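> Can you make the complete structure from the sequences, with help from the hints?
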Amino acid sequence: MVFIMHVCKKHKDITTGRKIIHIHVLLLIFLFSRSSIAATHGINIESADGVIIENMYSVNANISYQLGNENRNALEHGIPLEFDIEFRIKKHRPWFWDKILISKTITFRLEHQPLSRNFLVTRLNDGDLEQFQKLEDVLEYIGKIRNFPMIDSAILEPDGIFFAQVKIHLKIEALPAPLRPLAYISSEWRLSSPWQTWMIKE
Amino acid sequence: MRKSGQLIFRTGVVLFFLMLSSLLMMSNALQDSSHFSDFYLGLLIFNTLGLLVLVVLITLNLKRLIKQLRNRIPGAKMTIRMVAMFTVLSVTPVLVVYYFSLDFLIRGIDNWFDLRVEQALNDSLDLSRQSLDTRMRDLLRRTKQMAEELSDITDATIPFEIDDMRMKSGAKELTLLTRQGTIISSSADDPFHLVPDRPSETILLQLQQGNNYTALDTIRNAGLHIRVVVNVPTFSMESEARIIQALYPVSERINQLAESVQDAFIKYKELSYLREQLKKSFVIILTLVLLFSIFSTVWAAFYTARRLVEPVSNLVKGTQEVAQGNYTTQIPVPGNDELGFLVASFNEMTRKIAQAQDAVSRSRHEAETQQAYLEAVLETLSSGVLVLDQDNKVRTYNSCAGQILGIPIASHIGHSIEDIAEEYLSFKQFKEGLELQLSSTHNNWREQIAITNSSGRIILMCSGTTLPGTHNMQQGHVIVIDDITALIQGQRNAAWSEVARRLAHEIKNPLTPIQLATERLRHKYLQGMRADDTDTFDRLTNTIIQQVEAMKDMVNSFTDFSSTPEINLQMTDINDLLKEVIDLYANLNSNAEIITRLSDNIPLMAADKGRLRQVFNNLLKNAFDACDRCKVFRLEISSDSMTENNQKFVEIKIKDSGTGITEDIMDRMFDPYATTKTKGTGLGLAIVKKIVEEHKGLVMLVNNSPGDGACAIVRLPVNELNDQKSENCAVNRKAI
Numbered sequence: 001m002v003f004i005m006h007v008c009k010k011h012k013d014i015t016t017g018r019k020i021i022h023i024h025v026l027l028l029i030f031l032f033s034r035s036s037i038a039a040t041h042g043i044n045i046e047s048a049d050g051v052i053i054e055n056m057y058s059v060n061a062n063i064s065y066q067l068g069n070e071n072r073n074a075l076e077h078g079i080p081l082e083f084d085i086e087f088r089i090k091k092h093r094p095w096f097w098d099k100i101l102i103s104k105t106i107t108f109r110l111e112h113q114p115l116s117r118n119f120l121v122t123r124l125n126d127g128d129l130e131q132f133q134k135l136e137d138v139l140e141y142i143g144k145i146r147n148f149p150m151i152d153s154a155i156l157e158p159d160g161i162f163f164a165q166v167k168i169h170l171k172i173e174a175l176p177a178p179l180r181p182l183a184y185i186s187s188e189w190r191l192s193s194p195w196q197t198w199m200i201k202e
Numbered sequence: 001m002r003k004s005g006q007l008i009f010r011t012g013v014v015l016f017f018l019m020l021s022s023l024l025m026m027s028n029a030l031q032d033s034s035h036f037s038d039f040y041l042g043l044l045i046f047n048t049l050g051l052l053v054l055v056v057l058i059t060l061n062l063k064r065l066i067k068q069l070r071n072r073i074p075g076a077k078m079t080i081r082m083v084a085m086f087t088v089l090s091v092t093p094v095l096v097v098y099y100f101s102l103d104f105l106i107r108g109i110d111n112w113f114d115l116r117v118e119q120a121l122n123d124s125l126d127l128s129r130q131s132l133d134t135r136m137r138d139l140l141r142r143t144k145q146m147a148e149e150l151s152d153i154t155d156a157t158i159p160f161e162i163d164d165m166r167m168k169s170g171a172k173e174l175t176l177l178t179r180q181g182t183i184i185s186s187s188a189d190d191p192f193h194l195v196p197d198r199p200s201e202t203i204l205l206q207l208q209q210g211n212n213y214t215a216l217d218t219i220r221n222a223g224l225h226i227r228v229v230v231n232v233p234t235f236s237m238e239s240e241a242r243i244i245q246a247l248y249p250v251s252e253r254i255n256q257l258a259e260s261v262q263d264a265f266i267k268y269k270e271l272s273y274l275r276e277q278l279k280k281s282f283v284i285i286l287t288l289v290l291l292f293s294i295f296s297t298v299w300a301a302f303y304t305a306r307r308l309v310e311p312v313s314n315l316v317k318g319t320q321e322v323a324q325g326n327y328t329t330q331i332p333v334p335g336n337d338e339l340g341f342l343v344a345s346f347n348e349m350t351r352k353i354a355q356a357q358d359a360v361s362r363s364r365h366e367a368e369t370q371q372a373y374l375e376a377v378l379e380t381l382s383s384g385v386l387v388l389d390q391d392n393k394v395r396t397y398n399s400c401a402g403q404i405l406g407i408p409i410a411s412h413i414g415h416s417i418e419d420i421a422e423e424y425l426s427f428k429q430f431k432e433g434l435e436l437q438l439s440s441t442h443n444n445w446r447e448q449i450a451i452t453n454s455s456g457r458i459i460l461m462c463s464g465t466t467l468p469g470t471h472n473m474q475q476g477h478v479i480v481i482d483d484i485t486a487l488i489q490g491q492r493n494a495a496w497s498e499v500a501r502r503l504a505h506e507i508k509n510p511l512t513p514i515q516l517a518t519e520r521l522r523h524k525y526l527q528g529m530r531a532d533d534t535d536t537f538d539r540l541t542n543t544i545i546q547q548v549e550a551m552k553d554m555v556n557s558f559t560d561f562s563s564t565p566e567i568n569l570q571m572t573d574i575n576d577l578l579k580e581v582i583d584l585y586a587n588l589n590s591n592a593e594i595i596t597r598l599s600d601n602i603p604l605m606a607a608d609k610g611r612l613r614q615v616f617n618n619l620l621k622n623a624f625d626a627c628d629r630c631k632v633f634r635l636e637i638s639s640d641s642m643t644e645n646n647q648k649f650v651e652i653k654i655k656d657s658g659t660g661i662t663e664d665i666m667d668r669m670f671d672p673y674a675t676t677k678t679k680g681t682g683l684g685l686a687i688v689k690k691i692v693e694e695h696k697g698l699v700m701l702v703n704n705s706p707g708d709g710a711c712a713i714v715r716l717p718v719n720e721l722n723d724q725k726s727e728n729c730a731v732n733r734k735a736i
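Protein sequence lines, in the order shown, are assigned to chains A and B. Residue 86 in our numbering sits at position 86 of the first sequence, and the numbers go up by one each step. Residue 135 in our numbering sits at position 135 of the second sequence, and the numbers go up by one each step.
Calculated from the structure, these hints are not laboratory results. In this text, all values refer to a predicted model and were calculated from it rather than measured experimentally. Just so it is clear, CB atoms sit at the ideal spot from N, CA and C, and this is done for glycine as well. Any given hint might turn out to be false.
[What the hints assert, rightly or not] Ranges of calculated distance between the beta carbons of each label pair, as one might list FRET restraints:
hint, chain 1, residue 1, chain 2, residue 2, range
1, B, Pro-233, A, Lys-171, 45 to 51 Å
2, A, Lys-171, B, Leu-194, 33 to 39 Å
3, B, Ser-131, A, Gln-133, 15 to 21 Å
4, A, Lys-91, B, Lys-267, 46 to 52 Å
5, B, Glu-118, A, Lys-91, 54 to 60 Å
6, B, Leu-18, A, Val-51, 50 to 56 Å
7, A, Lys-91, B, Ile-183, 26 to 32 Å
8, B, Lys-267, A, Met-199, 31 to 37 Å
This is the structure in structure tokens:
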């Protein structure tokens, strides 16, 4: 609303009232559409932080996955879904773009087993296998990242400014080929969170 | 242009094969996701871009073709026809195949998903589940028994008992845990399996709620297992609640069968879910293949049509070049086929035409050389040559003919002699003199005719020859014209000189004895005669003496005429000379009206003053004699300077008001003894002509308007002293 008012104020002197109303209507439609989409499906990073464990800076993250009906339907029809959770540690440089010190990715593969009616979760980085009877349990499991080691804490000098980032997205490239063209153009399949950034403190 | 065309063609061919491979890879990716699956989208984009490139190529070709059509480039229409024909012939069957393929494909995909197959797969899965459920129930019961047995055993003694219990139960792994998931003891059939499989938090939560857990689980690197987790009953409040987890292996056969059923079910469900997407993907690929085929065909049609039409358009261009006179046109031969033979024949034809053209050109050049040679020869002739065709039109001439006839004959080429005669009097006289000969059938003839041109009256000797014609038809005449005026005049002068010399010799000699004898007679007999005889004698002897004197004068005049004394040139002012002579005659007749118009621009010229004085003296004397008995005595004397053919002349005219010259003596006016006067020797004009010619000049006598006297015209060239002398020397040498 603040933004809308700002826009209204900015354009008050130079545009007609009709134009301002049009802009307002368009912005409201845009915001409603975004919120409705976010309500049905999407990935949100609820919290993310870091902790030093045994001289390693490790990250924790709580991620909320809201899969749409299409995603759930596909999973139950035997189509595996893969999620990439990307972590990055960056060093801030005043007159240059930030330097990426390290980047690591955790990939979870979700699949449904009709025989046992279970959902299988495979952490492709190390092959860890977990199975759950409910999809919500699966999403809760892959939404909790605990103490994922990132970088030696000695590298993070006290006088430097460091940031950590996390981002999650559904791997469309891992979907079956016939589904991919649709997935690229469908918002329901383009599940992705924005980069969540936090400053690393001593 | 040709190189860039080759480059575009090669690029197109490479693109064709790349797109073909790409489409094959896409098809493969759809059928089996393990192959090229990762490149599916890239291949789709590549093929779409490839199609766009083909569209651009076709558009460029079409644009070029339309431009050629507008510019009426040969072969453009034929190219359009061929492209249209190729396109229709190739696209029609492709479209038919596309339609039926699409229909069969969609029907085929729908046929994959038969309800009976789906039911069978569901039944198979249920059967597998039922089978495993029975086994799971049995294992749950067995695990519960073990849990009851374990309830009496303390944690300290468990390690001694658990192996035995595991072996008895047939479990692969048996683990005793607290309800929080802490492992108390474990036993496994694999001694190297050190870390027991821990139940998940969800299972523990389920157990904490008092429920048991029995499920078919997939164990990492071990396949399907039946996991049974049950609570161990506790009888005392102090002891911690425990749970026992048993992992029972599924037999290898059942494992395989279950996996097989599950895989088939998953594959079927996946395909069922992707049915619409598969259809769309196949339609996309098939459409891409269709568009690829159509665009490739159209582009190939352009290329092929252009290749086929090129020799034809080259032939058209070549024909146009030949029509414009470029006979050196050669067209590249396309091959050994009929078209190649045609092009080779065209090249041979143009080569022969070029050779013939060269031969014609050479012949024309030779003819022109011959004509130039003939003209040069004709120009060097001192005789005039005139060639008439059968219609008496002037065909050929030389400049001498024009000079003799006194007409600009060059501007009358192709004109008939009748037309020219109407324009020029001299040519009219010439034509009238030759009319008889030209109409006669004689092949060779000679005719002497007299004409009057700007130089006066001249005598021409014309020799004619009939040109050979075909079919006995006369094709024209060659007339050779010689000006024989000077020759005749020379002959006459020579004859008269001989007469004068003989007269001087034969008459002058006896005259002196006659005169002397007469004088002696007078001296001897005059004084002794009677008075009446004396008068008669005196008169008679005086008459004899006077006549002898007169005869002596006449003979002296003849002597002067026949002799050629050396000319004495000096720079002379003609006006002064004229004034000097006019003064002599001014007081001769008081009735005479003498009008003098002497130009101030008369230059000095090399001349013999004495002889020119004699010329003017004779002419003025003639004029005075002519006007002697006239009522009006008017004499006009004029001098003028003029330039003709880059030669300066001084023209002197002496016009009298006498009776003029009769036509019968006009021809002989400058001959000796040609006179109408009763007195005189008749040599005055002959001497005038002789002196004027010695000065390279011209003298004419023409009548004024009828009854208005005559006019003597003397035209003298203006020469420097040296020039005149050298010319006279040359004339003298030539005469010698």
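> Next step is simple, just say for each hint if it's right about the structure.
So, going through the hints one by one against the coordinates:
1. Pro-233(B) / Lys-171(A): 45 to 51 Å: Cβ of Pro-233(B) to Cβ of Lys-171(A): about 47 Å, so the range 45 to 51 Å holds.
2. Lys-171(A) / Leu-194(B): 33 to 39 Å: holds, 34 Å
3. Ser-131(B) / Gln-133(A): 15 to 21 Å: Holds, since Ser-131(B) and Gln-133(A) (Cβ atoms, about 20 Å apart) stay within the stated range.
4. Lys-91(A) / Lys-267(B): 46 to 52 Å: holds, 48 Å
5. Glu-118(B) / Lys-91(A): 54 to 60 Å: holds, 57 Å
6. Leu-18(B) / Val-51(A): 50 to 56 Å: holds, 53 Å
7. Lys-91(A) / Ile-183(B): 26 to 32 Å: Given range 26 to 32 Å: violated, Cβ gap about 43 Å.
8. Lys-267(B) / Met-199(A): 31 to 37 Å: violated, 49 Å
In summary, the structure is inconsistent with hints 7, 8 from the numbered list given earlier, while agreeing with the others.
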